[in-house]
Amino acid sequence: MSRGDRRRVVVTGLGVVSCLGVDAPAHFRRLLAGESGVAPLAGPRQRGLPVHFELPVQGFDPRRAVRNRMLRKLLQPSGAFAVAAAGEALSDAGLADADLADAGLWFGSVSYDLPSSIYVPALRASFGPDERFSFERFGRQGVALVDPLLIVKGLPNAALCGIAIEHGIQGPNANFANGATAGLEAVIAAAEAVRWGEVEVAVAGGSDCLLQPEHLIEHTLRQRLWTGDEARGSGCRPFAAGRRGYLPGEGAAVVVLESADHARQRGARAWAEVLGDGETASAPGGEEEALAAAASSALDGRQPDALFAQGIGTPADDLREARVADALFGGRVPVTSATGSLGYTGAAGGILAFAHAIWSLVHGWLPPTVGCDEPDPSCFVPLVHTAERRPLETALAWATDEGRKNAALLCGRAAESR
Amino acid sequence: MRRVVVTGLGLATALGYEVEEVWQALLAGRSGIGFIEQFDSRSFPVRIGGEIAAPPPCEEARAQPNRTLRFALWAARRAFQDAGLETAGIAGIDRRRAAVVLGAGLFPVMEDRLSEDMFDGEDLSTPRHLGICREKPEILSQQNLASVSGEVSARLGFGGPSLTVQSACTSATQAIGEAYQRIRRGRADLAATGGADSMMSMFCVAGFDQLGALSRNPDPRTASRPFDARRDGFVLGEGAGVLILEELEHARRRGARIHAEVIGYGSSSDAYRFTDLEPEGRGAVDCLEAALRSAGVPPEAVGYVNAHGTATPQNDRLETLALKRAFGGHARRLAVSSTKSQLGHLICAAGGVELLVTVLALQRGVLPPTLNLESPDPECDLDYIPNEARPAAVSVALSSSFGFGGQNAAVVARRWEGD
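Residue numbers (the working numbering), protein chains in the order written: chain L, 1 to 418; chain W, 1 to 419.
Take the hints with a grain of salt, since some may be wrong.
[What the hints assert, rightly or not] The calculated label-pair distances, taken between Cβ atoms and stated as ranges, are:
#1 331/L with 58/W: 43 to 49 Å
#2 55/W with 315/L: 34 to 40 Å
#3 58/W with 67/L: 48 to 54 Å
#4 39/L with 21/W: 52 to 58 Å
#5 87/W with 303/L: 54 to 60 Å
#6 378/L with 35/W: 57 to 63 Å
#7 55/W with 115/L: 31 to 37 Å
#8 122/W with 128/L: 15 to 21 Å
#9 117/L with 45/W: 19 to 25 Å
#10 6/L with 35/W: 18 to 24 Å
#11 115/L with 395/W: 49 to 55 Å
Just so you know, these hints were derived from the structure itself, not from any lab.
The beta carbon of each residue, even a glycine, is placed where N, CA and C say it ideally should be.
Chain L extracted, bound-state conformation:
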């Protein structure tokens, strides 16, 4: 297939589960209003940790969101969010009752996701009267107390397989456990499969949950969490002078991609078109250059009308993003970040930013950046502070794992609505 034969890829469905709402309309209403999903972090999970708030999904009912009872039993919250967001995206695309046996599915996921309580019974049985653990006791008594589904329940591909089972998707697929870039990488792979005619329809997205103690511990020790004890804003202050990290969040976003021809033939309306992408990596020292290269690849000489950045509120990460945005756009492109509203959402972060970009293209509104109370002149980007009416032709979303891995996607208003 020559370059000219490659097909155009459009987004025809969108689904979101976040701390702002368990469906896309609720999520976007509160996002545009500048709200955040911050809540006190209570109970034993927080004991001994210097973090006082989290941004949990609230009001999510797995019995309504996930039809398959076996899945409800097996899936961790991040997996259930994914299944629900995929259901919404497919309904949005008018494919809720369609035969999806040939559809593709790419997903960006957590690393292993297991509640620590799943280990406890077997471990407890292996401590003797001397309060010491013994492998001898674990082998004799502990093993039998291990949940037979221990390995299955924690699988990073549980969300993808849950979506496949719930919605009958049997085509080509892959699951990326790739940190903050995972969700965008899933869209990139899915769009390529549509572009080259491997599939007509593909579901792509990402989900994550950073609220488990092991994540709180990891992000605490890496000194990336905001540790203040006041509930003002969400703690995260993207691109602000006093930025000191983020709060943990969770959520999922899923899109339905299909060839423009396929969408037109079945009379589906397209929300947006996928125009370009970039994916890069870097050794220490090359992070800025690598993020810029991912963005440049996605842009391919074009200038976007808005940048949906990560803005996680750590000193180094925001500075890197600001410098790259400045070098590429010279302060001419408005920037918005949702970390103040949603917290740090790991593998879901990039795909949520992509969802926001699509929504903004459709509705002509840029969502605000919550929490930047005092812009840092040495980390300047033209930030959207309050919701802004602004018609867009194109929008760039990127995700970056401390610059070591970077993914970027450029989307534009669908041709029909131009």
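Let chain L serve as the given structure and place chain W on it in line with the hints.
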């Protein structure tokens, strides 16, 4: 579309760290399976595995904070060297078009976190856990699957796509497929791809055993018996298999030695259940057919299949059924073998080592055997190359993986004859 060839091979297995050494051991019918020494397994219901006893023979790999990363880095470095990239070769490549796509697992290793006062009611004590992680920062590395591909990208100086694929037992085969598609479609010129994993820890052994997936046979030499009537589950292995895939003209321009050509890839989803295969083998058939379609070859062109062949009663029966459905009458003439009979099941790394073995089989004209195939199972009635390697000039071969959750994938490779 562009053609993709294999120009580098590297691995870490229970039979050794060098490709030639492992290949000769496989052909000689040696088993890498022994008693697990990682932890004191003497009282465990299952205490055998394809464990790698010695640390990797290079400081860069040994310095990594967990076993998966150590194996990944060693295998990637050796593949890179084998491809002639470490010396002059690297100068001519555009590093932004060099990708790393690795299947990887990093299951939390609880034995690193044991201490008195580790509990808080029915949960682990967060303050104690925090203290332990502060003392042993390597525990944090167990939560970062992205770092497996990220570290390999950084160490090899590859600046293109850097992806960790986690699709359970299908991870490495899907990683290879994602790398292959990127090169074929012009997004990258070369890629280090395959997989790395170690589940050689007490909760993994216990979890798989409780699930009923592991062989309870206490004899290391005979426990892993794919397609045999007396098979009773898989034997856990660990390690890594990494291949350098490269666009054909790119490889030719720099004068690289070509091991084989990758000509097709297919993946599918059972959309059925998490631990059971679909009873008609539907997902497996779909991925085999998709791989053959992608390769543009008829089933009759394929001479050898390196099977998933885990030695669980269900997998081997349904895999046999799937091969018959996908290959039709030709299934009876296919030579099929399972490398898991000698190395155990490397989980997220399995497809990497197994494609590597498939490439060697094409290149050397010898097919590796399935060990411990002694009692025929009427439901497993294909030619599994029992117990002894077999010389055979095969021109097209296939390697497949089927994973928990229902993801399936297969890669088709062709012997390189200089065309």
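Here is what the structure says about each hint:
Distance hint for residue 331/L and residue 58/W: a CB-CB separation of about 47 Å, consistent with the stated range 43 to 49 Å. A C-beta distance of roughly 37 Å is found between residue 55/W and residue 315/L, which places it inside the suggested range of 34 to 40 Å. A hinted range of 48 to 54 Å holds for the C-beta pair residue 58/W and residue 67/L, which are about 51 Å apart. Take residue 39/L and residue 21/W: their Cβ atoms lie about 57 Å apart, and the range 52 to 58 Å holds.
Taking the beta carbon of each, residue 87/W and residue 303/L are about 42 Å apart, not inside 54 to 60 Å as hinted. Distance hint check: the CB atoms of residue 378/L and residue 35/W are about 59 Å apart, consistent with the given range 57 to 63 Å. Between residue 55/W and residue 115/L the beta carbon distance is about 33 Å. The supplied range of 31 to 37 Å therefore holds. Taken as a hint, the range 15 to 21 Å holds for the pair residue 122/W and residue 128/L, whose Cβ atoms sit roughly 20 Å apart.
The beta-carbon spacing between residue 117/L and residue 45/W, approximately 23 Å, falls within the hinted interval of 19 to 25 Å. Taking 18 to 24 Å as the suggested C-beta distance range, the pair residue 6/L and residue 35/W does not conform, at roughly 54 Å. Separation of residue 115/L from residue 395/W is about 51 Å and conforms to the stated range, judged on CB atoms against 49 to 55 Å.
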